[in-house]
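S.K.: Chain order of the listed sequences is A and B. The working numbering puts the first residue of the first sequence at 1, with every later residue one more than the last. The working numbering puts the first residue of the second sequence at 1, with every later residue one more than the last.
It should be emphasised that the hints constitute simulated quantities derived from the structure, not laboratory data. The reader is advised that the hints may include incorrect statements.
[To be verified] The calculated DSS-like cross-link candidates involving lysine-lysine, where the alpha carbons are at most 30 Å apart (straight line), are:
| hint | chain 1 | residue 1 | chain 2 | residue 2 |
| --- | --- | --- | --- | --- |
| 1 | A | 468 | B | 143 |
| 2 | A | 402 | B | 90 |
| 3 | A | 430 | B | 90 |
| 4 | B | 67 | B | 90 |
[Stated by the list, open to error] Derived coverage of chain B by chain A (criterion: at least 3 residues anywhere in the stretch with Cβ under 8 Å from a Cβ of chain A; other residues may be distant):
| hint | stretch |
| --- | --- |
| 5 | 23-32 |
| 6 | 162-175 |
| 7 | 291-297 |
[To be verified] Only some residues are given here: those of chain A computed to face chain B with a beta carbon under 10 Å:
| hint | residue |
| --- | --- |
| 8 | 27 |
| 9 | 76 |
| 10 | 104 |
| 11 | 118 |
| 12 | 177 |
| 13 | 322 |
| 14 | 323 |
| 15 | 326 |
| 16 | 328 |
| 17 | 422 |
| 18 | 427 |
| 19 | 429 |
| 20 | 431 |
| 21 | 440 |
| 22 | 483 |
| 23 | 487 |
Ideal Cβ positions, reconstructed from N, Cα and C, are used throughout, including at glycine.
Residues per chain are reported as follows:
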Amino acid sequence: MVRQASKSGLLFSDADWDFKTLSRVHEAIEAIAIEELHLDVYPVQMEIISSQQMLDAYSSVGMPLMYRHWSFGKHFLYQELLYRKGGRGLAYELVINSNPCIVYLMEENTMALQALVTAHAALGHNHFFKNNHLFRQWTDASAILSYLDFAKAYIARCEERHGVAAVEAILDAAHALMEQGVFRYHRPPKLSSERQREGVRERLEYEERSYNDLWRTLPPSKGGDNTGEKNPGVAERKKTLKLPEENLLYFLEKNSLVLEPWQREIVRIVRVIAQYFYPQRQTQVMNEGCATFVHYTLMNTLFDRGLISEGVMLEILRNHSNVVFQPAFDDPRFSGINPYALGLDMMQDIQRISTEPTAEDRDWFPDIAGNGNWRETLLEAWANHRDESFIRQYLSPALMRKWRFFILADAASEPHYEVSSIHNERGYEKIRAGLAHSYDIGASRPDIQVVDVDLLGDRQLRLEHKVKDGIMLEEANRDAAMRHIRSLWGYEVSLAAIDAQTGEMLNERSTSQIGE
Amino acid sequence: MPIFIDRRLNPKDKSLGNRQRFLRRAREELKRSIRDKIRTGRIADVDSEHAVSMPRGTAEPSFTDAKDSGRRQHVLPGNKHFAPGDRVPKPGQGSGGSSPGKTVSEDDFRFVLSREEVLDLFFEDLELPDMVKLNLKEILAFKPRRAGFAATGSPTNINVGRTMRHSHGRRIALKRPKQEELDAIAKELAILAAEPQNTGAPQRIAALQEELERLERRRRRIAYVDPVDIRFNRFDAQPVPNANAVMFCLMDVSGSMGEREKDLAKRFFVLLHLFLKRRYDRTEIVFVRHTHEAQEVDEETFFYNTQSGGTVVSTALEEMHRIIEERYPSNEWNIYAAQASDGDNFATDSERCIGLMDGQIMRLCQYFAYVEIIDERETHIFGATENGTSLWRAYSAVNLKWPNFEMSRIATAADIYPVFRRLFARQPAVRKSA
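Starting from the given sequences, assemble the full structure and let the hints guide the process.
M.R.: Structure follows, in structure tokens:
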């Protein structure tokens, strides 16, 4: 049901937007999205904001609600500087994985851009959030905003009670471990409801108030505390503490001997937020690719049906090509692979493979080549993959040639890089595997685990860094991060670098070697 | 149907709190950085935006891979001519450019502090709580401005329109006979006189003449314009802040003024300049440095030239006087002067200084501040006494005579602000400019 804006049949003709036009355009775009692309979306809530507010949103990691912390101010200054110097435009949109899906539109945008953003965010991202399995399983779109609301209020209350500095110390430490604060392999429990959280917190607060060490009359049992047995064996000990544990924040939250309940809750908040963003980070190429593919397809359909004018289409295409611009590796503008470009190209490639496959495609993609049903193929890919598996499964030789991909082997000991593979028959598999691997977050960040702690002895927290391919930790950062762990754990912390292949201990660092 | 929410009127600057927290965290380092900049930079720069490197202490550490270890693969787009086995020299060894796959680190950035933030940091150093509360005894020029009407005034200011209105009203109220009435009676009399006599005529004529007489008497008694009708334009003398200020910075750069003394002097001048700049539309600064001779110099030379020599303070005063005569007529400019010296002077020249001040300079100046920079060890000796250097004693005499003269001693940076405040916080009786 599309009401026509004018006799010409166009949805809009001015650059100016108003709410009526926005609504009409959304309606038209949504209709096409559902009938053409079979998208399935959350209801949409569009919010009009100014550029200043967009900067604000950037600096609180894109969330409408966030607790206060100086690092967000730092990011704001950074973004603002880039923006003011013209180094970077603002994103035209911001979209939040929640139900209803919240889309920010900037008031400065022209109507053409608003239409583009509507297609990109309100439909593309929205569909992806609702249907991708990572988001479905790992995040709870309906609970996140209420959780952030709680987090913000809780942290503000802590600041009142314990002082800004004390809260900041905990947040600083927890932020340092955010990368090591997610469950990668098993799903976290759903966010409990506000009432449950309230109950748990009240109990903890009651304990906090009523506990007084002076009143402890029972003598400590010999060698006995919560680990139970006398001199438990190392294996037993690890079992009790469920070691090894990759989620450092989780371990500290549950087992730290020095954290007070409110400090534990703050650690938990940071962990929950890290976990919430984890799927986003695994699906950058797919998420942006999906949104870009959707807006490109929808805008072209609108144009083909005579609903938008050539001028509008031209403006849209200009913005579109800016978004998907990919400079070559030796271009000064190069700063890595543009997820919009790669995602869109791969999805258009899938469209091509399923409708007009070449012999090579039939070879490489027997399942989808020529199946003619690109819509279902894409919907399935969007639903079931993350970047790594998507690239591993769908990156075609044709696309590798188009992008002229090649692999540089970089050994720190060598003065040269070496070109190990290029886009040819022998290189395709290697490039595809290599690119997929580079999107595997689990593999691309240091693998650090808690391996042991003797609660009855020195209580030193023993961490292990599995060194892959000889890649060590950056030392200054490592020491600073370990200091943060010590502050959360309360006792010394040691970190051993163990070669993943040989099991050889490469070095060991302890906080006792690091000053304050 | 999507829900639309217009958030544009929501409070902006949601991140302001975070920004303030960040500044608070980085404060010490920012302060040092700003101070260094101001010390090495130009005076006017204090009052501008500053780009400051990201301070240490605002790093956000995390476990990251060391760039200089291990073996990696980079998958890159845009191969031009490479074949497997080709070697590519690593950048950083002269070839330039960023290495593949690495983006610029965020911590390299410099961010911009706004003017207010710079001033906050700068004044914090000077322990300046709130500059706006200070009152400079500003001399006002007066410009007459129409402000209604007055019953008194000089004849040149009579407002004719308003006077006639009052007169008209009064004439109506007091029933002053109009000219027409008189004319009508006169006309009727003339007709009666011309006509042949009939019986009633003499009676009628007598009545008319009596009436005419009465009316004329009345007209004489009730003036056409009475003094009570007169209104004068009223003018208020409205104070107009003078828009121009010139600040003379007189600095002794003789051999006895060391780096510390100059630094203190400069800080004082900076503060003064900022103050004037905020207060007036236009502020100019004239730099005069003197040894045994004085010359007007630019800022650069003023602070950085190392030329030195003996001391003759009066030369600076003469130079200042010459410049005022030449460029800054005192009826158009607010003239301020700050002089910094260590007070060393010949006794004879100090006498001469008194003469110059009394004779010329103090008449021209709104305000003259003399700051003597003394050794920290001397503070407890000189702090409370009127004794002191030759110049100090000389200026003490000037101080007694001229209320717009102030003098003070400073020994450390921390003294500057209290002195500044004392010098400028007082509000003596307003004097007209000479």
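S.K.: Each hint needs a verdict: does it hold in this structure or not?
M.R.: Going down the list of hints, with the structure as the test:
Among the hinted pairs, residue 468(A) with residue 143(B) is inconsistent with the structure: their alpha-carbon atoms are about 83 Å apart, more than 30 Å. The suggested pairing of residue 402(A) with residue 90(B) holds, with an alpha-carbon distance near 26 Å, which does not exceed 30 Å. Between residue 430(A) and residue 90(B) the alpha-carbon distance is near 22 Å, which keeps this suggested pair within the 30 Å criterion. For the hint linking residue 67(B) to residue 90(B), the alpha-carbon distance of about 13 Å falls within 30 Å, and the restraint holds.
Check on the stretch 23-32 of chain B: 3 of its residues sit with their Cβ under 8 Å from a Cβ of chain A, so the three-residue criterion for coverage holds. Residues of the stretch 162-175 of chain B lying with their CB closer than 8 Å to a CB of chain A number 0, which falls below the three-residue condition for coverage. Remark: the stretch 291-297 of chain B is not confirmed as covered by chain A, as 0 of its residues place a Cβ nearer than 8 Å to a Cβ of that chain, below the required three. For residue 27(A), the interface hint holds, the least distance from its beta-carbon to any beta-carbon of chain B being 7 Å, beneath 10 Å.
Nearest Cβ of chain B to the Cβ of residue 76(A): about 4 Å, under the 10 Å cut. The hint holds. Because the smallest distance between the Cβ of residue 104(A) and any Cβ of chain B comes to about 8 Å, under 10 Å, the interface hint for this residue holds. For residue 118(A), the suggested interface contact is upheld, since its CB lies about 8 Å from the closest CB of chain B, less than 10 Å. At its closest, the beta carbon of residue 177(A) sits 7 Å from a beta carbon of chain B; the interface hint therefore holds under the 10 Å criterion.
Contact between residue 322(A) and chain B, as hinted, is not supported at the beta carbon level, the nearest pair being about 17 Å apart and thus beyond 10 Å. With a cut of 10 Å, the hint placing residue 323(A) at the interface with chain B is violated, because the nearest CB-to-CB distance is about 16 Å. With a least beta-carbon distance of about 6 Å to chain B, the hint placing residue 326(A) at the interface is held under the 10 Å criterion. Because the closest C-beta pair between residue 328(A) and chain B is about 2 Å apart, less than 10 Å, the hint holds.
Restraint check, residue 422(A) versus chain B: the minimum CB separation of about 6 Å is within 10 Å; hint holds. Satisfaction of the interface hint for residue 427(A) is found here, the shortest Cβ-Cβ separation to chain B being roughly 7 Å, below the 10 Å cut-off. Of the supplied interface hints, the one on residue 429(A) is violated, with its beta-carbon coming no nearer than about 13 Å to a beta-carbon of chain B, more than 10 Å. Here the hint on residue 431(A) is kept, as its CB sits about 6 Å from the closest CB of chain B, short of 10 Å.
The interface hint given for residue 440(A) is violated, since its Cβ lies 12 Å from the closest Cβ of chain B, which is over the 10 Å cut-off. For the restraint placing residue 483(A) at the interface with chain B, the shortest Cβ-Cβ distance is roughly 8 Å, inside the 10 Å limit, so the hint holds. Taken as an interface hint, residue 487(A) does not check out: its beta carbon lies about 12 Å from the nearest beta carbon of chain B, beyond 10 Å.
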